[in-house]
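Undergrad: So the sequences go chain by chain: A and B. Here the first sequence stands for residues 1 to 447, numbered as in our numbering. Here the second sequence stands for residues 1 to 286, numbered as in our numbering.
By construction, these hints were calculated from the structure, which means they are not laboratory data. Any given hint could be a false lead.
Here are the computed distance ranges between Cβ atoms for each label pair [unchecked claim]:
#1 E434/A with K45/B: 25 to 31 Å
#2 E437/A with S112/B: 56 to 62 Å
#3 S112/B with A441/A: 35 to 41 Å
#4 G112/A with Q136/B: 52 to 58 Å
#5 K149/A with G63/B: 32 to 38 Å
#6 E158/A with L74/B: 46 to 52 Å
#7 P85/A with S112/B: 38 to 44 Å
#8 A16/B with D343/A: 24 to 30 Å
All C-beta atoms, glycine included, are put in the ideal place defined by N, C-alpha and C.
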Amino acid sequence: MKKSALTLLSLLLVMTMFLAACGNNGGSNNNSGSTNTPSSAPEESTEPSKAPEPVELRVFSTFGGTDAAREAFQKAIDEFTAANPHVKVKNDTMSANDDGFRTKVNTDMTSGNEPDLLFYFIGTDATEIINSGKVVAMDEILDADAEWKNGFAPAALESVRTADGKIYAIPLTGYYEGLFVNKKLFEENGVELPTDWEKFKAAVSAFKAKGIIPLSGPFDQSHYLIEHFVLAAAGAEGQAKGLKDGIDPNWEKGLAAMKEVYDLGAFPEDAATIDLGMAGNYYSEGLAAMILEGSWAIGGWSEETKANTTVLPFPAIPGGVGTGKDVVGGFGSGFYMSKAAYDDAAKKDATIALLKHLTNPASIKSIATANGGTPAAAGVQPEGLPQAALDGFKMVSEATSINSPIDSKVTPETFSTIRANIQPVVTGKKTPKEALEEAMAIETAAK
Amino acid sequence: MMKGDRKYILMFLLPAAAFLTIFLYYPFFKSLYLSFFRTSGFYSKTFVGFDNYSRMFSDDLLGAATLHTLELMLYVIVFQVGIALLLAILVDNIKWGKGFFRMVFFFPVVISGTAIALLFVLFYNFQFGLLNTILQDMGFNKVNWLSESMALKAIAIPTVWHYVGFYFVLFLTAMSKIPSDFYEAAKLEGISGFKKTFLLTIPLILSDIKVVITLAITGTLKVFEFIFVLSRGQNGTEVLGTYIYKKALVDQNFGYGSTIAIYIVVFGVVLSLLANRLLKRDEITY
Numbered sequence: 001m002k003k004s005a006l007t008l009l010s011l012l013l014v015m016t017m018f019l020a021a022c023g024n025n026g027g028s029n030n031n032s033g034s035t036n037t038p039s040s041a042p043e044e045s046t047e048p049s050k051a052p053e054p055v056e057l058r059v060f061s062t063f064g065g066t067d068a069a070r071e072a073f074q075k076a077i078d079e080f081t082a083a084n085p086h087v088k089v090k091n092d093t094m095s096a097n098d099d100g101f102r103t104k105v106n107t108d109m110t111s112g113n114e115p116d117l118l119f120y121f122i123g124t125d126a127t128e129i130i131n132s133g134k135v136v137a138m139d140e141i142l143d144a145d146a147e148w149k150n151g152f153a154p155a156a157l158e159s160v161r162t163a164d165g166k167i168y169a170i171p172l173t174g175y176y177e178g179l180f181v182n183k184k185l186f187e188e189n190g191v192e193l194p195t196d197w198e199k200f201k202a203a204v205s206a207f208k209a210k211g212i213i214p215l216s217g218p219f220d221q222s223h224y225l226i227e228h229f230v231l232a233a234a235g236a237e238g239q240a241k242g243l244k245d246g247i248d249p250n251w252e253k254g255l256a257a258m259k260e261v262y263d264l265g266a267f268p269e270d271a272a273t274i275d276l277g278m279a280g281n282y283y284s285e286g287l288a289a290m291i292l293e294g295s296w297a298i299g300g301w302s303e304e305t306k307a308n309t310t311v312l313p314f315p316a317i318p319g320g321v322g323t324g325k326d327v328v329g330g331f332g333s334g335f336y337m338s339k340a341a342y343d344d345a346a347k348k349d350a351t352i353a354l355l356k357h358l359t360n361p362a363s364i365k366s367i368a369t370a371n372g373g374t375p376a377a378a379g380v381q382p383e384g385l386p387q388a389a390l391d392g393f394k395m396v397s398e399a400t401s402i403n404s405p406i407d408s409k410v411t412p413e414t415f416s417t418i419r420a421n422i423q424p425v426v427t428g429k430k431t432p433k434e435a436l437e438e439a440m441a442i443e444t445a446a447k
Numbered sequence: 001m002m003k004g005d006r007k008y009i010l011m012f013l014l015p016a017a018a019f020l021t022i023f024l025y026y027p028f029f030k031s032l033y034l035s036f037f038r039t040s041g042f043y044s045k046t047f048v049g050f051d052n053y054s055r056m057f058s059d060d061l062l063g064a065a066t067l068h069t070l071e072l073m074l075y076v077i078v079f080q081v082g083i084a085l086l087l088a089i090l091v092d093n094i095k096w097g098k099g100f101f102r103m104v105f106f107f108p109v110v111i112s113g114t115a116i117a118l119l120f121v122l123f124y125n126f127q128f129g130l131l132n133t134i135l136q137d138m139g140f141n142k143v144n145w146l147s148e149s150m151a152l153k154a155i156a157i158p159t160v161w162h163y164v165g166f167y168f169v170l171f172l173t174a175m176s177k178i179p180s181d182f183y184e185a186a187k188l189e190g191i192s193g194f195k196k197t198f199l200l201t202i203p204l205i206l207s208d209i210k211v212v213i214t215l216a217i218t219g220t221l222k223v224f225e226f227i228f229v230l231s232r233g234q235n236g237t238e239v240l241g242t243y244i245y246k247k248a249l250v251d252q253n254f255g256y257g258s259t260i261a262i263y264i265v266v267f268g269v270v271l272s273l274l275a276n277r278l279l280k281r282d283e284i285t286y
């Protein structure tokens, strides 16, 4: 009797362990959308009115954690589930800053665990997913619903078109990156805004002398540093080529300029070991006068810094071919619909309806208002934006070119080789040429 | 053994065997297989023979990561094992409060490594870290604790601290197992203090020290969170754990990542064998 009870107990234990192992592999914050909020919201979906079968959809996106648009996104989902009580939406999220996000998406896509809607990057990151046929082209669905399609700004839809001429990702909000500067610190210290390279260098020296960090930027997560220094030296075309036709000598000039300002003391003392979050923190706390960041960062800064911030295009580097008005930006991510959801008769219509709801002008407006991004919808003007965001839109409208960032032009390994070489280059252990040749070798091997 | 027992033995061994197969042997052989491929993310792979291995032998960063791991291992063996042994001897010699000290010293083991690392970020931060604030208040200049010359040593401190308690408990348990007649005999012979510790206690727990050193060596190969959170592998702190993460998961180069995984396994086995050989002594039974 006692023995069999023991056996039973251990079996139970083993089963629990199996269950635990097979359980949630998401690991991230899963906020399930509210399910059955009784509401009198009007039916706005294309769902058939006769009691539809209940379905559960999974939306995987970056609208979680500290993302500025987290609440706006959740609200858009709640609106949808309120109007369509038979649909349950699982709002699965992970931070985009985290390298793990790409891994999670790739694991999901290859292991038969595709989310029904995926909010993911456009460019090299998505190429393999598109080529493997895991997501569907949206052109037919767009053409079938003129009202939905016409809600988008034509330029936004064009910018998400892939090389094969099809649209796979439905854009939501765009972004821009630039040199964010703390106007108050510039005024207080009598320094001119860095509108050209000489003024930029002068500002670096002036702030360094005052004990203020001139340019807050980390060397490991140096994405924005690399993007801007290379773009400012190589110009739009030189940057867009990536490393396809060998190393553009202007790329070397970009890295050399980074060393030049490093020698002037541009970066924080601990630039090598801080991460992007800490770099943003230095700027937000008023310890740093400038930072290279994206439009999404504005919402995270302290109220005082936010009010004193304006954004400028990164100045052209002398000897290069940049115009000084080249901007990194565009629509860097969008909603993909998985092939699995498309083929599943029970899910197809609900997924499309949800996608239409999330990308209708009202949803786009509220998300753009929250994250300060450029709305993808036509004629939508986000409200209550800080001056810095308006300055950003102005900067983009005056730009001579709007470029997608370098890491969408080269393979991930090539880009991290450049990243890993930033510190050796600025401290003089490697020349820019050596660093880029190393990256080139990786790029060639990956082909 | 009764004949019927065999059935139960198999039944109880099966879950563990299944777990090991699924989560250890299968991934290991899969890594071995993948190490012969050039992968592009998860989607496509091409057979490249020994390319990854030849790349491995000319990879400066991997060499540097190995050296940093060895340096960290030295700190861990000397300080982690050393401090644990010292604390165990001290606690073993006190009459009351053993339970209290055992709990206090063991406590950091329970805290997640990432949490400790984040704590030390706030200690070491150059701009507003605890250490630099204290220095400034005392009128000294700020120090970059994670500079190129100091980063690895600075990171070794939380690494050592985190697991001292674990080895301390192992040592303390080993010491409590020493039969008291040994000590009574020593007392009659008039041996006490340092002599008792070095001639009696330590030799009698030598086999445990050996186990702990092996654990420390293999444990150091897995160090990841302290480096990743505190320095992101910059300033001469890249270790094997962070390097493999960057290659396999950030770069999405699973082929080369798998090759490094194989290298780490071989490296770990060689080091443990070496440690066992160096510490070879006759087993003591009591």
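Undergrad: Determine for every hint whether it applies to the structure shown.
TA: Evaluation of the provided hints:
1. E434/A with K45/B: 25 to 31 Å: holds (30 Å)
2. E437/A with S112/B: 56 to 62 Å: violated (41 Å)
3. S112/B with A441/A: 35 to 41 Å: holds (38 Å)
4. G112/A with Q136/B: 52 to 58 Å: Holds, since G112/A and Q136/B (Cβ atoms, about 56 Å apart) stay within the stated range.
5. K149/A with G63/B: 32 to 38 Å: For G63/B against K149/A, whose Cβ atoms are near 55 Å apart, the range 32 to 38 Å is violated.
6. E158/A with L74/B: 46 to 52 Å: Given range 46 to 52 Å: violated, Cβ gap about 59 Å.
7. P85/A with S112/B: 38 to 44 Å: Cβ of P85/A to Cβ of S112/B: about 40 Å, so the range 38 to 44 Å holds.
8. A16/B with D343/A: 24 to 30 Å: violated (40 Å)
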